[in-house]
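Visitor: Chain residues, written in single-letter form:
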Amino acid sequence: MKSTTDEQVPAEGMMISENTTINANGSEPSGLPGSGYTLPTLSTLLGAVLAGCPNEAPGPDPVPDAGRPVELPANLRRLVARTTYGISGEEAQRALDRGYEGYLEYQLAYDAIDDSALNTKLAPLTTLQATPRERLEAISREDFSSVEEFLTATLLRGAYSKRQLYERMVEFWSDHFNIYFPSDAQLVLKPLDDLDVVRPHALGRFPDLLSQSAKSPAMLIYLDNASSRLGAPNENYARELMELHTLGVDQFTQEDVKEVARAFTGWSINGEYTDTDFGRFQFYPPLHDRGEKTILGHRLPPNGGMADGEQVLALLSTDPAIAPTTARFIGRKLAIRFWGDTPPEALVDQIAAAYVETGGDIKAMLRVVLREDWLMQAPPKLKRPYHYALSSLRAIPSDIRDAPLFAALLQSMEHLPFHWAPPNGYPDTAGYWGNYLMPRWTYGLWLVYQQDAIDLALAPFLSAESDAVFLDEVDARLFHYGQPEGHRAALTGFLAGAPNNFFRRLEALSMALSSADFQWH
Amino acid sequence: MKRQGTRCGCEEYVQLNRRSFLGIGAAAAAALAAPTWVPRVAYAQSENTARDVMVSLFLRGGCDGLSLIPPHGDPAYYDARPSLAIAPPDSGVNAAVDLDGFFGLAPAMASLHGAYAAGDLLPVHACGSTDGTRSHFDAMHFMEVGKARDPNLVTGWLGRHLLNTAPLNAQSVLRAVGIAPGLQRSLVGGPQALPIPDPTDFRLAGNEGSAAERLNTLVRMYENTDAPLAAAARATEETVALLEQLGLDRYQPMNGAVYPDSELGQAFRATAALIRGDVGVEAVAIDKGGWDTHEEQGPLDGEMADLMKDLADSLAAFHADIVATNDQGVTVVVQSEFGRVVAENGSLGTDHGHGNAMLVLGGAVAGGRVLSQWPGLAVEQRYEGQDLDITIDYRDILHEVVSQRLGNPEPAFVFPDFTPTPRGVFG
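Order-wise, the sequence lines are chains A and B.
Note that the numbering used here gives residue 151 to position 151 of the first sequence, counting from 1, and the numbers run on in steps of one.
Note that the numbering used here gives residue 257 to position 257 of the second sequence, counting from 1, and the numbers run on in steps of one.
Check the hints yourself; a few may be wrong.
Said to hold, decoys possible - A short, non-exhaustive set of chain B residues, derived as facing chain A with CB atoms under 7 Å:
| id | residue |
| --- | --- |
| 1 | Phe-137 |
| 2 | Pro-151 |
| 3 | Thr-155 |
| 4 | Pro-191 |
| 5 | Gln-192 |
| 6 | Pro-195 |
| 7 | Ala-205 |
| 8 | Gly-206 |
| 9 | Arg-214 |
| 10 | Leu-218 |
| 11 | Met-221 |
| 12 | Tyr-222 |
| 13 | Pro-228 |
| 14 | Leu-229 |
| 15 | Ala-232 |
| 16 | Thr-236 |
If you're looking for bench data, these hints aren't it; they were derived computationally from the structure.
Don't be surprised by glycine CBs; every beta carbon is placed ideally from N, CA and C.
Here chain A stands alone, though its shape is the one from the complex (with noise of 0.2 Å):
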């Protein structure tokens, strides 16, 4: 073999191929069984080159190109960007259409938003609705479709939903109510969290999301209250629902943590695999602790039953001394998620007080944090790699067909949703994931090559009458007319070594993909 330079015919590319490997030992299980979750092969992978010709798209089916996207004026881009998992040609127009307020009000409403044409892509999902009991029985025959339909309404979901905003919201709600997806009794549970729990209230009341999420049996498993009881009180719940979910750390003491715990014996789940509400919450007076407790100086008087958790999540969440500091805790979180990674005392403290004035509203928070003058004062903020890689399909018109495969991908990248063990939530900041440049810098290459996962409307791209149309087409579709002119120079100089080469234009539309600007939103 020789070493090869920039080859001009598919021969050349294809002996690059041959002598490619994805896995040099194939020795490890490559999925998982019985799930349809596989990793590409090599075909896959390459297959565009294998099977395209030059000048000539990818992919038989390509999606439809709706054309340059129109040009936003900055706040508006800002905004778009902010509140969505990347700007779509139809999202830009949306937004030039309604104006900021407009645009952000129409987000928030997101049940008026008609979503049918994301619904069609779900139809095929038979599975989201289904109970526990039909999940656990399905699961036993090893029949993973409930759990792979799951994971594919998310990225389906999170890809072409026109309620952008909402759909960030649950991936926030998800993170802040962290529950680990693959594991245990998860793989029934964790999907009916997001269906009764997080879905109906991501944009709801916080006060409600909080006591749902109390009730979640998905939640009860993964930190161990269904197992909590008179005399053997388990403490993880408790201390995580004051640590993570409202107050944070070092706003309680050790002993709220044992009476919050006492407080909240006997909230379990049905374990009756014959009753119609197996796997469904259930409260046990017998397993609870029916003493007095005092919890962040407030006395619950004796025999309060089911109430003593009930006041528990109310004091943190509605009461005007404790619920501040919740409010606090959630604005910080808010501010880090929209603004920037280390947001202004004066943002946190304003979110914070729209939170006590409307009693938990989460759409006031959002409306506080996605301020025009707030928003525009905001320094980059790191997509994470679920959300880069989001990004990408909204940028380039897309259509998800290989689910599973899209998700390895982002196992890859250590960010499928759900897949995050301890009960803190994926990290938010660019001091955790942006260390690590080599597999943003591989996706943008697998996403321009393969073609049975992903549909990509290539066509502009490739079929270009020149390089300098090419580039003007990726700064439209991916930068929105603001590719730093150093991009330009950067894949100018990379074109000139091959003038209107099929495979220089795909590696030069995998590095914008992969480039520093693109990382940022």
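Chain B: place on chain A using the hints.
Guide: Using the frame of chain A, we list chain B on its own:
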């Protein structure tokens, strides 16, 4: 992780495969002649033995230490495992290789006996994390962080070690390598720590012919970006260049060492090459999965025997190549998140347990003996009535490595809220 076929059974479904796509191009790299042949002499014979390089091997899935290092002197071992126990030494085929009259090596591990006889291998038994979790993921997380159940501690113990210790080589662009698609938790927080699934093949995926040009173009597009991306881009470029220059795939082991042609064997070979390359790599974290043996464990001629042979052969080759040649300071620690239940289950396997064995390998190790305060395997001696109890905290071992061999000025920063008990790992 292996999944059982019943109900949610042993809950964890097989995690989506974490191999990334970084490995693209390995075969091509091997086939193509490199433009600049790095001569053999490029590998320094470093005399710097002031500080060891740390190699941390994590056996994921809960390795059965009672098969790895069978306590053949404890009769309760044979009572609890009528089918799976490894027979006492000198009892015919498939007998344990004796270590000290009480403990032995599984026959599949026989190739490691030479390191033990040379005094470089120290098996530690009845050790682990005293946290009672039986969750793989929690247990791994706690161990790699170096502390259980502290949501505010997210950095790894090795990462913190690198953080508060001056670099071995001030010019180093790469102080730690995680041989994994994402940095292992143990290395998180460490400066100049990169996840590199295959150090012999850390380069941009895709067309080899344009890789250098593409890398250069990418780095140019990161020049003016915000921290930490710009620095990370440079580190990635420097590391690609460093590893290409070293030419790890052309590395020639010393002392006739032959690494298994397995993922683990090749990870150790790459580690040896990095160490001999003498470029300032101070820590390498390696993973080996597959130890979650709920069914058909096969410690003699089945699944686990294969795993153990791969483990032993890889360690033995590394011992011959790096440790026995005595010119490189290295400490290898092998651990797993928990051991397995003393009694075998109904499926010729073992379920998640508690106490376990560790292995420490290195020239400075006071080996050739088994370090243990054996609690016994009789039912009344077990943890929660079912498991090997823990009499040595895993951090006792790591603390001695960090403080005595890695030159750490403040081990309490590495293992917060922990008071170690001296164990004499290094005599």
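Visitor: Taking each numbered hint in turn, which are not upheld by the structure, reported in ascending numerical order?
Guide: 3, 4 and 5
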